[in-house]
Amino acid sequence: MHCLWCDKQIIVEVTWDNFLYPDKPKKLCIECKSQLTKITGAICKLCGRKSEDEQCKDCERWGGNRQWSKVLSFNRSVYSYNPMLQAMIAKWKYRGDYQLVEAFQTDFREAFKQIVRACPKDTVVVPIPLSDKRRYERAFNQAEALTQLLEVPYQCLLTRREGEKQSKKTRQERLSSTNPFQIIEVVRNPIILIDDIYTTGITIRHAAKCLIDAGCPTVYSFTLAR
Amino acid sequence: MINSIIPSLRAYFSPSYDWIPKATSNLVANQPLSLRYGGKLLLREDIELDDTTFDTLCRQSYFQMIPALEQYLSGYRCKRCGNKTQHLFAKFACARCGNSHHYCRKCVEMGRVLACQPLYYWTGPPPVWEGCDDPLLWNGTLTKHQQLASSEIAHAMEKGRAELLTWAVCGAGKTEMLFYGIANVLRAGKRVCLATPRADVVRELLPRFRHVFPKTTIDGLYGGSEDKAGTGQLIIATTHQLIRYAQAFDVVIIDEIDAFPYHADPTLPFVTKRAAKPSAAMIYLTATPRHNQLQRIRTNRLPVVFVPVRFHGHPLPVPTFCSCSRLKQTLATSQAPQAFYQWYYNRKEKERQLLIFVPRVDLAERMVSSLSANLSVSAISAVHAADTDRADKVQQFRDRKLFVLVTTTILERGVTFPSVDVAVIDAGHSVFDQAALVQIAGRAGRSPDDPTGEVVFFHDGKSEAMVGAVKTIKAMNKKGEQA
Numbered sequence: 001m002h003c004l005w006c007d008k009q010i011i012v013e014v015t016w017d018n019f020l021y022p023d024k025p026k027k028l029c030i031e032c033k034s035q036l037t038k039i040t041g042a043i044c045k046l047c048g049r050k051s052e053d054e055q056c057k058d059c060e061r062w063g064g065n066r067q068w069s070k071v072l073s074f075n076r077s078v079y080s081y082n083p084m085l086q087a088m089i090a091k092w093k094y095r096g097d098y099q100l101v102e103a104f105q106t107d108f109r110e111a112f113k114q115i116v117r118a119c120p121k122d123t124v125v126v127p128i129p130l131s132d133k134r135r136y137e138r139a140f141n142q143a144e145a146l147t148q149l150l151e152v153p154y155q156c157l158l159t160r161r162e163g164e165k166q167s168k169k170t171r172q173e174r175l176s177s178t179n180p181f182q183i184i185e186v187v188r189n190p191i192i193l194i195d196d197i198y199t200t201g202i203t204i205r206h207a208a209k210c211l212i213d214a215g216c217p218t219v220y221s222f223t224l225a226r
Numbered sequence: 001m002i003n004s005i006i007p008s009l010r011a012y013f014s015p016s017y018d019w020i021p022k023a024t025s026n027l028v029a030n031q032p033l034s035l036r037y038g039g040k041l042l043l044r045e046d047i048e049l050d051d052t053t054f055d056t057l058c059r060q061s062y063f064q065m066i067p068a069l070e071q072y073l074s075g076y077r078c079k080r081c082g083n084k085t086q087h088l089f090a091k092f093a094c095a096r097c098g099n100s101h102h103y104c105r106k107c108v109e110m111g112r113v114l115a116c117q118p119l120y121y122w123t124g125p126p127p128v129w130e131g132c133d134d135p136l137l138w139n140g141t142l143t144k145h146q147q148l149a150s151s152e153i154a155h156a157m158e159k160g161r162a163e164l165l166t167w168a169v170c171g172a173g174k175t176e177m178l179f180y181g182i183a184n185v186l187r188a189g190k191r192v193c194l195a196t197p198r199a200d201v202v203r204e205l206l207p208r209f210r211h212v213f214p215k216t217t218i219d220g221l222y223g224g225s226e227d228k229a230g231t232g233q234l235i236i237a238t239t240h241q242l243i244r245y246a247q248a249f250d251v252v253i254i255d256e257i258d259a260f261p262y263h264a265d266p267t268l269p270f271v272t273k274r275a276a277k278p279s280a281a282m283i284y285l286t287a288t289p290r291h292n293q294l295q296r297i298r299t300n301r302l303p304v305v306f307v308p309v310r311f312h313g314h315p316l317p318v319p320t321f322c323s324c325s326r327l328k329q330t331l332a333t334s335q336a337p338q339a340f341y342q343w344y345y346n347r348k349e350k351e352r353q354l355l356i357f358v359p360r361v362d363l364a365e366r367m368v369s370s371l372s373a374n375l376s377v378s379a380i381s382a383v384h385a386a387d388t389d390r391a392d393k394v395q396q397f398r399d400r401k402l403f404v405l406v407t408t409t410i411l412e413r414g415v416t417f418p419s420v421d422v423a424v425i426d427a428g429h430s431v432f433d434q435a436a437l438v439q440i441a442g443r444a445g446r447s448p449d450d451p452t453g454e455v456v457f458f459h460d461g462k463s464e465a466m467v468g469a470v471k472t473i474k475a476m477n478k479k480g481e482q483a
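Read top to bottom, the protein sequences are chains A and B.
For the first sequence, UniProt numbering gives the first residue as 1, with consecutive numbering after it.
For the second sequence, UniProt numbering gives the first residue as 1, with consecutive numbering after it.
Bear in mind the hints are in silico, worked out from the structure with no lab data behind them.
Being a predicted model, the structure only gives us computed values, none of them experimental.
We put the CB at the ideal spot given by N, CA and C, even for glycine.
Here are some, though not all, of the chain A residues that point toward chain B, as calculated from beta-carbon distances under 10 Å:
hint, residue
1, 91
2, 95
3, 135
4, 148
Straight-line Cα separation of at most 30 Å, BS3-like style, residue types lysine-lysine; simulated pairs:
hint, chain 1, residue 1, chain 2, residue 2
5, B, 91, A, 24
6, B, 273, A, 8
7, A, 168, A, 91
Pulled out of the complex, with its shape left as it was, chain A reads as follows (with noise of 0.2 Å):
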């Protein structure tokens, strides 16, 4: 195996207890790997991020306005947004480097289990859409290749109307910004949204007032970066 970022050969060590029992095969090197900070210990019980309070200061301010504070239950992330990882979502999803994505695999796919516990057992898994035209550009949809990973099932509940890029936009600009998504499906389940990035928590918003509105009871969500 080589490493999907640096393609440096990956050699493992033989032990017994590899000999006996292999070892998924590792799609990063171990300093890559170490590049990575996973989320851990005392975090904002809202949006998820590392924080020593029980509710950051971001989400302080979604709180104070009416109109989003109960749209998200709360959101729950595998990695802090740090340079190595922007360094990978931008290879991966501007660049369009599909096949990153496997590097993610392992960890998403284990704290995905730990969310999910803490969500009712009928909740339904949704990735967030992309524009057509931003799909094409892409040719995949970051989101929707994230919930494959998990291996579950899902569905395709909303659309989204073309609007300028979020990462291009301020956080006055994506707040003001109007609602972009659509539903196509109405289903009365609790709801966790799948994304790459939270950053200021306004798309996955926008697209949990859409399904609240619609009538969904609760909405979770499930991101790779925070």
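Place chain B on chain A using the hints.
Quick look at chain B alone, frame taken from chain A:
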């Protein structure tokens, strides 16, 4: 069956470029488009034309489609970057065409090559450059050796369909030797490319060439350069940028053909060869040819011209060896060996700055503190490849704001400091191959005001590379004396 296997195998091992289409005849000239897209091999995304215009041009055969991934018996080859390492082709469910297919991971940073998307090649009329009477505005003089090489280079460029290796010692003044040859081909309205492995060299050469060829359109291309179009008659580019060219140039000059990325990454020879027209002249520049080039020289398959003397006429400094006992243990504690300090305090020219090469990045960083404690100078710093302040520190050293610079092999070539002594710590380490050591020794004595300099290899056992490096340097000096 066998008729299809044999060509497929042959094409797999030695890439051919016959898939590049010929220009369509009898098309109406469109000079702006010819300039912009002539000789380019592009993805649709790279072509800034709206769909209707582009479709019309395609129908009229101004552009031709080329399948991007070539399939062989044993797998794929990316036609854009030449990649045939199979684990660098990944399969995915493409949302554009709705099928599952491969894409090339090797060149994904330059825009993704999908199996379902063709590459486009300009087959309209080739771009025309007005031949300009005297493009060269330069009144420098060449030394006897430079002159000899310069005329050989000019001859090869004019003749075309030729290769020439210019084996010039570090500090021979290679750039100046190219001027006359380039001027000749520019005058004939031909197109020239100068490819070098590193972006800082492009940035350094660009103003120099713009200065001496004021009437020529010159573009500098490197990752992150402002110029993206690359429409000039003379292109100065990092080798990676040639990924967007096919049969574009009448003359291709490859600087430092032996340097790390070029001889280690098969993409670069693939794209440079493709960027040259079949009738092109290939000029290679190097101070330290690699094994395969030496072999071709020995068997008379690669013409070579030597420039054994530096432009200031003085011989190259010959490295001396200094054996250190318990070197590895000393280095483990991040100390410089005792012998180094002894040499340092007995240097002939104490005014000279000091360039210290070490084999590893972490050692460079850690050694700085122990050196500043022992050398009683504070202006010491370390640089390595991942250092974000690299350019800054090199400039500070050049301005003599730093007295000692500890570095890894990244400063082995391309950089010129007027007056330095050079120490290589643990010169027997495997990162210091023969070419690296010759280049490192070539950092000393670059200036006509201080044409000598000490070069010392500190070691705990001579390596073949060290002995070989000294042998090559002495051989060059001897050649210089005789000539």
